[in-house]
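Engineer: Now for the letters of each chain:
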Amino acid sequence: MLSLRATVPAMVLFAMAGNVLAQQGAGVLAPPGEVTVSDVPNDGGDQLLVCFEPSPDDERVNSYTVYRRMQGEGDDAWRPVRVLFPGQGTSFVDGRDPDYSVRPGQIYEYRVTALSESGEATGPVYVAEEAADGEWFNTNKVRILIGCAVFLGLIFFFFSKAQSGDKLYLRPIPGIEAIDEAIGRATEMGKPILYIPGLSTISDVATIASLTILGRVAKKVAEYQTPIMVPNRNPIVYTVAEESVKQAYLEAGRPDSYDPDSVFFLTQSQFAFVAGVNGIMAREKPATNFYLGMFWAESLILAETGSLSGAIQIAGTDAVTQLPFFITTCDYTLIGEELYAASAYLGREPKQLGAIKGQDYFKALVMLIIFGTLVLGILDVLANTDLVAWLDHLVTSPAAG
Amino acid sequence: MYEQIGIWLAAFFTLAIYSFLYKENPVYRFAEHVVVGISLGYFMVYTYNNVLEPRLVRPLFVEGQLGLIPIMLLGLLYITRFFRSVSWLSRYPIAVVFGMAMGLSFPRTMLSMVLRQAEATVIPIYRTGYAWHDVLGSVIIIVGTLTALIYFFFSKPHKGWFFGTGSKIGIWIIMIAFGATFGFTVMGRISLLIGRVQFLLTDWLHLIE
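The listed protein sequences derive, respectively, from chains A and B. Here the numbering used here is used: the first residue of the first sequence is 1, the next is one more, and so on. Here the numbering used here is used: the first residue of the second sequence is 1, the next is one more, and so on.
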């Protein structure tokens, strides 16, 4: 996107050039009216809402340019911060563009210039009544807070239940049960395991889930003395993956078996990474391929090459557009949330089991809302009521959560 | 002249990568290593020009923003990985990045993946003026979301009329959606292939105008 730093002066020049060329003796343009400035609520103190009264000759105006300077600065300090063309209204939020940032607590002065074919008219200078002020609490996000609080409450509740020794049931998932089988196959064949923790960054939930599973897989691999290869695309993910594998070898009691070259960084370029991994698959012929994490257009290329090399393949991602490719080319696929649940299934630790249970019961709440929509929707049809609108208001209203 | 060299190189590397369709061979291996090496070098320069220079080097050493020093020191701890005796220090920036990623993504995920999705499902089945396909669409959205959620419910076995039948309908709905996505994406990939073939036949071989 073009920044305002480049577009605003260009727009001003364009409007002025059009104005000069087209001055054809029309009447003098009346200047725009009063400028009012107010603080934008629920922000970090870096935005101001600027409104101005349009020129009485608004229908003749080609554009309005809003200038800003800090209070006490000289005439040469005026900077155009926004150009508004007809149809774009007479108000805007100042400070959204990082090139024209607003300082918290700073009083600004504004003036507006109207441009038309008959000339230019500049309104008076207005000192902003308010300075930008940040809020500690964003009232627009109350329902997110409530959602997070309920979610965390459920997780901690089930976590304490799991810790107190309660047996928590989780239904079997074939893809997760196949992980041990796949590691065993590689061990029997004496071939390596290829583990790709996705191509995304560490901030991706799928990457975090994948790295947790990597720790479990690496522990098994260390116990069975099977070689593992973990190519990485992201440098931060690479360092975490390396730590995770090293730790797994330590936990398995075989720190000396850890090969520092087993986890390696390949390249950050998406398709160069794919070319590299395909070459590794073709040359090393791994017995088992794991594709767990976030994948994009490379998913089919990777999985198809792995399939041709004769490896057993287990994939898992929350990328809806890539899941079909994994389903068609891999032996087992963990769909969406199954990937998040996999590490808890493998480890059976109270903390992770509690998290899965908490997620489940939060899902049950959402299912209840959807079931309620179905029932109320039928009631609306039969009794001519408007109960779904009431439920919608309850769910979407910030105050109601 | 240079344009012709570029076209010939592009054509060579296109064919070298496609030669993998036959089997792994030295030409593919050459192209693979070239593309990996070049991309790595390119991204090093890219990262300096687009991240380090504008966000650290210029603000700190030219504009004097001293507040960036602790962040720079934290980032430099990554390099301690190369020194065995202090390599444990590299865990600090990892922990900071991990914690920040989790903290930032939690409310964002709650809003976009849970609340917004739930809101989008609270829709009326019928309203005055609805055609039969609008009603069908509403029913599919509500029942489809409900049954897909049942499939992802791990605390109960997929047995009985609610969890058993519900999860079966759910997986059907999911697979139909995946089928549609598959077809849509394959169409996009075919157009990419057409683009490459067009390049070879037009720019390189001049067989088509």
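There could be a bad hint or two in this list.
Said to hold, decoys possible - Straight line, CA to CA, 30 Å or less: simulated DSS-like cross-link-like pairs of lysine-lysine:
{"#": "1", "chain 1": "A", "residue 1": "351", "chain 2": "A", "residue 2": "141"}
{"#": "2", "chain 1": "A", "residue 1": "351", "chain 2": "B", "residue 2": "23"}
{"#": "3", "chain 1": "A", "residue 1": "167", "chain 2": "B", "residue 2": "23"}
{"#": "4", "chain 1": "B", "residue 1": "156", "chain 2": "A", "residue 2": "191"}
{"#": "5", "chain 1": "A", "residue 1": "351", "chain 2": "A", "residue 2": "246"}
{"#": "6", "chain 1": "A", "residue 1": "167", "chain 2": "B", "residue 2": "156"}
If you're looking for bench data, these hints aren't it; they were derived computationally from the structure. Only a predicted model underlies this, so the values are computations on that prediction, with no experimental measurement involved.
Engineer: Take the hints in turn and mark each one as holding or not.
Structural biologist: Each hint tested on the structure:
no.: 1; hint: A:351 to A:141; in the structure: holds, 28 Å
no.: 2; hint: A:351 to B:23; in the structure: violated, 47 Å
no.: 3; hint: A:167 to B:23; in the structure: violated, 51 Å
no.: 4; hint: B:156 to A:191; in the structure: violated, 38 Å
no.: 5; hint: A:351 to A:246; in the structure: holds, 22 Å
no.: 6; hint: A:167 to B:156; in the structure: holds, 13 Å
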